[in-house]
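4 protein chains.
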Amino acid sequence: MLRIGFLTSGGDCQALNAAMRGVVKVIQNNCKEPYELYGFEDGYKGLIYSKFRMLTGSDFSGILTRGGTILGTSRVPFKTIDQPDENGLNKVEAMKQNYYKLQLNCLVMLGGNGSTKTANRLSEEGLNVITLPKTIDNDLWGTDMTFGFQSAVDIATTAIDQIHTTASSHGRVFIVEIMGHKVGWLPLNAGMASGADIILLPEIPYDIDKVIDAIEDRDKRGSRFTIIVVAEGAISKEDAKLSKKEYAKKLAASKHPSVSYELADLITKKTGREVRVTVPGHVQRGGAPCPYDRVFASRLGAEAGKLILKGEFGYMVGYRNREMVKVPLKEVAGKLKTVDPKADIIKEAKLLGIKFGD
Amino acid sequence: MLRIGFLTSGGDCQALNAAMRGVVKVIQNNCKEPYELYGFEDGYKGLIYSKFRMLTGSDFSGILTRGGTILGTSRVPFKTIDQPDENGLNKVEAMKQNYYKLQLNCLVMLGGNGSTKTANRLSEEGLNVITLPKTIDNDLWGTDMTFGFQSAVDIATTAIDQIHTTASSHGRVFIVEIMGHKVGWLPLNAGMASGADIILLPEIPYDIDKVIDAIEDRDKRGSRFTIIVVAEGAISKEDAKLSKKEYAKKLAASKHPSVSYELADLITKKTGREVRVTVPGHVQRGGAPCPYDRVFASRLGAEAGKLILKGEFGYMVGYRNREMVKVPLKEVAGKLKTVDPKADIIKEAKLLGIKFGD
Amino acid sequence: MLRIGFLTSGGDCQALNAAMRGVVKVIQNNCKEPYELYGFEDGYKGLIYSKFRMLTGSDFSGILTRGGTILGTSRVPFKTIDQPDENGLNKVEAMKQNYYKLQLNCLVMLGGNGSTKTANRLSEEGLNVITLPKTIDNDLWGTDMTFGFQSAVDIATTAIDQIHTTASSHGRVFIVEIMGHKVGWLPLNAGMASGADIILLPEIPYDIDKVIDAIEDRDKRGSRFTIIVVAEGAISKEDAKLSKKEYAKKLAASKHPSVSYELADLITKKTGREVRVTVPGHVQRGGAPCPYDRVFASRLGAEAGKLILKGEFGYMVGYRNREMVKVPLKEVAGKLKTVDPKADIIKEAKLLGIKFGD
Amino acid sequence: MLRIGFLTSGGDCQALNAAMRGVVKVIQNNCKEPYELYGFEDGYKGLIYSKFRMLTGSDFSGILTRGGTILGTSRVPFKTIDQPDENGLNKVEAMKQNYYKLQLNCLVMLGGNGSTKTANRLSEEGLNVITLPKTIDNDLWGTDMTFGFQSAVDIATTAIDQIHTTASSHGRVFIVEIMGHKVGWLPLNAGMASGADIILLPEIPYDIDKVIDAIEDRDKRGSRFTIIVVAEGAISKEDAKLSKKEYAKKLAASKHPSVSYELADLITKKTGREVRVTVPGHVQRGGAPCPYDRVFASRLGAEAGKLILKGEFGYMVGYRNREMVKVPLKEVAGKLKTVDPKADIIKEAKLLGIKFGD
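Chains as they are written, first to last, in my numbering: chain F, 19 to 376; chain X, 19 to 376; chain P, 19 to 376; chain S, 19 to 376.
Treat each hint with caution, since some may be false.
Identical chains share a label here; the pair holds if one copy fits it or two copies do between them.
[Said to hold, decoys possible] Pairs of lysine-lysine residues, derived as DSSO-like cross-links and limited to a Cα-Cα distance of at most 30 Å, are as follows:
1. Lys267 <-> Lys287
2. Lys267 <-> Lys228
3. Lys228 <-> Lys114
4. Lys288 <-> Lys255
5. Lys135 <-> Lys263
6. Lys97 <-> Lys360
7. Lys228 <-> Lys287
8. Lys368 <-> Lys328
9. Lys114 <-> Lys268
10. Lys50 <-> Lys365
11. Lys263 <-> Lys97
12. Lys360 <-> Lys69
13. Lys328 <-> Lys228
14. Lys288 <-> Lys268
15. Lys238 <-> Lys288
16. Lys273 <-> Lys288
17. Lys238 <-> Lys114
18. Lys263 <-> Lys287
19. Lys273 <-> Lys263
20. Lys69 <-> Lys267
Just so you know, these hints were derived from the structure itself, not from any lab.
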């Protein structure tokens, strides 16, 4: 009897269901022994507090195209897993016990950076763990691509396209704030896809004067409007010099709900121009996965299923140099994949005339 | 020689270009005398300051599906048109002079409420004016429908759909703030289309306790999440008792960027629940018009073209009880079409279980 | 105890699930007595052969946006219902018996023309029946609009838009064949929405020479390409003179899979031009309903629910002059709502320069 | 003075304009000498017959998202370029003469397999040529990806999704014929993205009995329907044994417009089942490019611009192992990149339960 537990952890994104369906299809079609599938509810919480349900084929029917996660999800920060909960429960021990109580052969965890650290910890504790790289941020180390990313690029690009018609009709400076957590993959790609004029990324701290120069330069060349794509983690050159603590303090003290409003204010102060801010927000993580993500997540799921059937554990399934690979969890955990300011794509964007404020 | 001036006024929206193309196609295909088309730039500003360009067939090629307005637009509030500009210019006189200087036979104005008041004023001053009902708010009196509305419903619905998957995956209360200015057509339709649980409209002031009851009632019935669609003009029962001035003052003093954040705060305070707010904002007005709007705007344009050929002026072209109609501008100007809280659609929504906080 | 049976009949379309959900939501939220919901499988077949399942709340969760029908559907032509089946079963009697055996209070039937005739028959036989107007063709008499129609317009328009870029790049004559059965609502609206040059409808038999004139006229004016939208039921002036039988015979004898290929051949023969044909086909009926249809189907469902609670039967719920109405089934059955060649929309389309081949 | 000629050749596809815009943006922003841009009309025809126009910045404004090609395109088969035209013109010589007459520094050609062979020939004749890999088929040798491909996957997937709801509602076998010329990349990816049950590719000749087994196996497991994605170049095991000539003859003699209808007939004959065929056709090549293609085409264009500025010619710009590369034209010309039946993605698809008829 093969017993597999599933959980989805952290912020939800597109193609979580597609990836789980992939694993399950492989088991259904190829497993020669009987098997049972367990779904833990709301991420690691379900594993900690033994909230789960048995899953059958019908749970996975029609979910290839469905957004969100049929299991529910939640955030249990890695740094809290060694702290007892409010009732004194040792969370790591609880997860281990529930794993053994259900006689699981392995746990399939779909999550991002923090969640993978916890998965690695469970692997080190002796559990059989396989993870799949879930995040719209595409910031997971060890894989060239994560599922959710391309779907989010599609949504963010559509939003900027829509702002484009209004910006050009009204002749305005428009800021669109795009997700991506502390890395710039999503705003970079959505910005390039939508013909943004300026893109501000966490990895390339911006000089406000260069941003203003770029706006005024467009003016001089007769452009009626400027579209600035601002990563939610964008940072100015001055702020980049602050310690993490100081910067967090500064952010918390701001009267603005996000960095984009701060920047809009500054541009207005320095140039007298009206600047509009749009923050598409959570829509970027929702809705049906795009075809790219459906294929990609299915493939990742298939490879995870293969590893389970072979009994190989302790890996994240990733994609590197056009090959599906298994990456040891300890190599992945705690590392971030950021945009290299010297990467080809940045050089190309600059050749195309896109300004990064550096 | 027939000389027609065009201008688009107020916030841009989808199908402005489609509507103009409609007028022009009728002229091109049916006008027996020579004609000239003039496009005033950036709305009434172009007419006031004589900024215009001659338009030819190629200007209208391929614009049926293009968002925004090829003429540019701006807001010139009705209440300011009788105030001299910073150089002492009389705006109304300037518009009349430019109209006569170009020997125009008529002016086609595409705009919403305020812009139509100005158009009516120009009509009263003796100019030949025809207007087309442009607004995503669908709040123009005298027509059952305005172009831009259905496109905005599509975009707003997609946004709420996308929030839906995240809300259900995380088990959260989510507020999505939908445009519509001071009326509820857009949030009502987008909310019904996306299966929202609670919809708060300007026309139905809400009781915060009823909103919270509705959330808790869903909880009791086992729902993990609640989606609240909040009109940008939504107002609480208490605030509805304030005078316009007092309410404006209260809004201005708020630390929140919009009513949705205020409401989210209140729900959190009263229930301890985490509430997320998403404000899709300007994206609702941008991008390509939906097929419905393309047909509708083309038909409005065609009827406007017909009126021009017949020499009938002083009308807004509208749609009433499934018929294209010409509505005298003086009947339209200054009136608002709001959602009747006793309308069938509201009764149906209530039967379906949607709560309005009343 | 209230017992309601549901069935969906004929070709599937968008918003069938949304409409059923509407009825059920009203019952769930407003019915004061206990109730049971029965879903007959695959249309009238399920009622004839007693194939059904009990439906619960979870069957209707999340289906507002789901295409197709959760009950399955099939075609049981009206003219066959009085013929015994292959085992000698009297179909009408079987439906009555199964209705009474389950002690149903009413039957909710979602279907188009033929299906509504059968519903009317059952109503005449004494069953309590309510129907909802389902069809992408919008050809049901007694209602200005049917659900599925606007979703199909959206899909058909997108298809023609996509052909547009290729037609203009290659400078070709392109025919796109659009559904709509024997009426022209769908090709007319999709054609106008996508800027088609020529639209051939069943209601306006075309003269091939006028079609060719229109193509050549575009050539002379410098257009590189021509887009012809052909209704699947389009017919030439000569063929329109044939009896139904003769025409059916002629169609059956054709070597072409549809009228569009026939037309393409003819144009090529007469002009030497290369003509490409695209037949989007069944995609027009599939996928998620558009926001318009979701609201509209929900409203229809709500009104049906209201009628059930009031105990009023024998009606189709429709929409006329912007009001929800109940239309006696006997008034609806057997009548078709066609495009009037003298309707305003046709006149407007002609003013816009669109040719209909007449 | 730098003089650059542009032409787009072969079937149009998405992102042709985006790619040209990329080249031009690089020149505009980085070229230190004066430059002139020439656009040849309708592909190689424009170069042969000296049909061109000067291009300015405004030609490239707003075309990032526009489908088709602003230059027009046509097919001039490689094997015909050495045959004189109907007036005895030597085409290769004519192209060379026009190139020299305009004093071009280089020719940028956007095209697929055949067009690249012609480009290579011109390069061998001494012209400076750079090509960009255009095709929805993704069959160009020397690059992992071509622009147009992902946009076509998106459209094809949507079509199959739409068929899915109808297939499941009616319980039918549905065939959807997907483009891709003689290779299977597009049907493979669209099929996996849409959860197709059976995918028939040119690279994996199918055994009709295995296809029927797969349909019947689904039946036995309780599935109401089967979706078969058939590549336009799909071929049976028997037909794969024929010589190219024999097979072409057989195809020409068929009464069916395409392989899918042939297959449908065969399935119906062997199983008695009703099978529906949908052929989305040219829509797969049309409409706006998806965000992935916009970024990718812009990057390819940027690299081409870089090569032009450096004076490096005789290359196709490609993408290999996540790096932009220049590939000598002579290495590319005449080679095809097909789906390897033993590739990981095929193995994964099989693990997921997808049948290929082998």
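Status of each hint after checking the structure:
no. : hint              : in the structure
1   : Lys267 <-> Lys287 : both (23 Å within a copy, 24 Å between copies)
2   : Lys267 <-> Lys228 : within (26 Å within a copy, 37 Å between copies)
3   : Lys228 <-> Lys114 : neither (53 Å within a copy, 44 Å between copies)
4   : Lys288 <-> Lys255 : within (17 Å within a copy, 41 Å between copies)
5   : Lys135 <-> Lys263 : within (23 Å within a copy, 54 Å between copies)
6   : Lys97 <-> Lys360  : neither (32 Å within a copy, 44 Å between copies)
7   : Lys228 <-> Lys287 : within (15 Å within a copy, 43 Å between copies)
8   : Lys368 <-> Lys328 : between (47 Å within a copy, 17 Å between copies)
9   : Lys114 <-> Lys268 : neither (40 Å within a copy, 54 Å between copies)
10  : Lys50 <-> Lys365  : between (51 Å within a copy, 18 Å between copies)
11  : Lys263 <-> Lys97  : within (17 Å within a copy, 50 Å between copies)
12  : Lys360 <-> Lys69  : neither (47 Å within a copy, 42 Å between copies)
13  : Lys328 <-> Lys228 : between (55 Å within a copy, 28 Å between copies)
14  : Lys288 <-> Lys268 : both (21 Å within a copy, 29 Å between copies)
15  : Lys238 <-> Lys288 : within (17 Å within a copy, 53 Å between copies)
16  : Lys273 <-> Lys288 : both (19 Å within a copy, 24 Å between copies)
17  : Lys238 <-> Lys114 : neither (64 Å within a copy, 32 Å between copies)
18  : Lys263 <-> Lys287 : both (27 Å within a copy, 28 Å between copies)
19  : Lys273 <-> Lys263 : both (18 Å within a copy, 25 Å between copies)
20  : Lys69 <-> Lys267  : neither (37 Å within a copy, 49 Å between copies)
Of the hints listed earlier, those the structure fails to meet are numbers 3, 6, 9, 12, 17 and 20, in rising order.
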